[in-house]
Amino acid sequence: GNSVTQMEGPVTLSEEAFLTINCTYTATGYPSLFWYVQYPGEGLQLLLKATKADDKGSNKGFEATYRKETTSFHLEKGSVQVSDSAVYFCALIPDTGRRALTFGSGTRLQVQP
Amino acid sequence: KAGVTQTPRYLIKTRGQQVTLSCSPISGHRSVSWYQQTPGQGLQFLFEYFSETQRNKGNFPGRFSGRQFSNSRSEMNVSTLELGDSALYLCASSLTGTVFRGTEAFFGQGTRLTVV
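As you go down the protein sequences, you meet chains A and B in turn.
Counting from 1, position 33 in the first sequence corresponds to residue 40 in our numbering; the numbering is continuous, with no gaps.
Counting from 1, position 63 in the second sequence corresponds to residue 231 in our numbering; the numbering is continuous, with no gaps.
Mixed in with the good hints there might be a few duds.
[Unchecked claim] Some chain A residues near chain B, calculated using beta-carbon distances under 7 Å: (1) Glu49; (2) Gly50; (3) Leu51; (4) Leu53; (5) Arg105; (6) Ala107; (7) Phe110; (8) Ser112.
The hints are simulated quantities; they were obtained by calculation from the structure and are not laboratory data.
Where is the CB? At the ideal position from N, CA and C, for every residue including glycine.
From just these sequences and the hints, can you work out the full model?
Written as structure tokens, this is what we have:
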């Protein structure tokens, strides 16, 4: 079946540090890939997406590149802010079968001033 | 434009009771999906409705059911509540649903259900 694996958290960084959150997936074909962010007490917000191999999704300084050869979609940001503290979810929608979001377990990011 | 609205935000129910949760999607969106979020199992897909028809269903028991009305509002019902049903239930709306590549789903703030 389809699955998404994310690095365990929490990830604790100082403000302006570089961020990488690893995400790998298992799915047949060419799934669409997403990063969602959840702030405390809130629902999920789409951060970025990529729908085909080598696509780069970007938003608010965050980037992720769809790597078919390594089945990965790692999230990166060059300089994190305290306001980026949240839980980040990597997710996919397969291109065959049941087309619903399959999420990773989430990675909590804590940014200290 | 208004976002996805879920009501109520918080609920406390007793084992064996039933509960109904409501979701109003973004105006013009015809697809509504429901997800359960728990610390142990993470985010899991419950079902998707499109134009009043269930189009997709996750691996949950029949106690979990839903429906969608002609105005695209959706309700989710859980009967014979169990302690393990305590979770954050999230609703997501999208224009056309997840059958199309890269479809963006907009999530509500969720309903926090506690079963005691």
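Quiz prompt | Hint check: 7 Å Cβ-Cβ cutoff, leucine 53 (chain A) to chain B | solution = holds (5 Å)
Quiz item: Does the nearest C-beta of chain B fall within a distance shorter than 7 Å of the C-beta of phenylalanine 110 (chain A)?
Solution: holds (4 Å)
Self-check item: Proposed interface contact between leucine 51 (chain A) and chain B, which counts if any beta carbon pair is under 7 Å
Solution: Nearest chain B Cβ about 4 Å off; hint holds.
Quiz item: Is the shortest C-beta separation between alanine 107 (chain A) and chain B less than 7 Å?
Solution: holds (4 Å)
Quiz item: Measuring from the C-beta of serine 112 (chain A) to each C-beta in chain B, is the shortest one below 7 Å?
Solution: holds (5 Å)
Quiz prompt | Given hint glycine 50 (chain A) near chain B, where the shortest CB pair must fall under 7 Å | solution = Cβ of glycine 50 (chain A) sits 4 Å from chain B, so the hint holds.
Self-check item: Restraint satisfaction for glutamate 49 (chain A) [CB to CB of chain B, less than 7 Å]
Solution: Constraint on glutamate 49 (chain A) satisfied, holds at 6 Å.
Quiz item: Holds or violated: is the Cβ of arginine 105 (chain A) closer than 7 Å to a Cβ in chain B?
Solution: At 6 Å from the nearest chain B Cβ, arginine 105 (chain A) passes the 7 Å test, so the hint holds.
Violation of the numbered hints given earlier is absent; every hint is satisfied by the structure.
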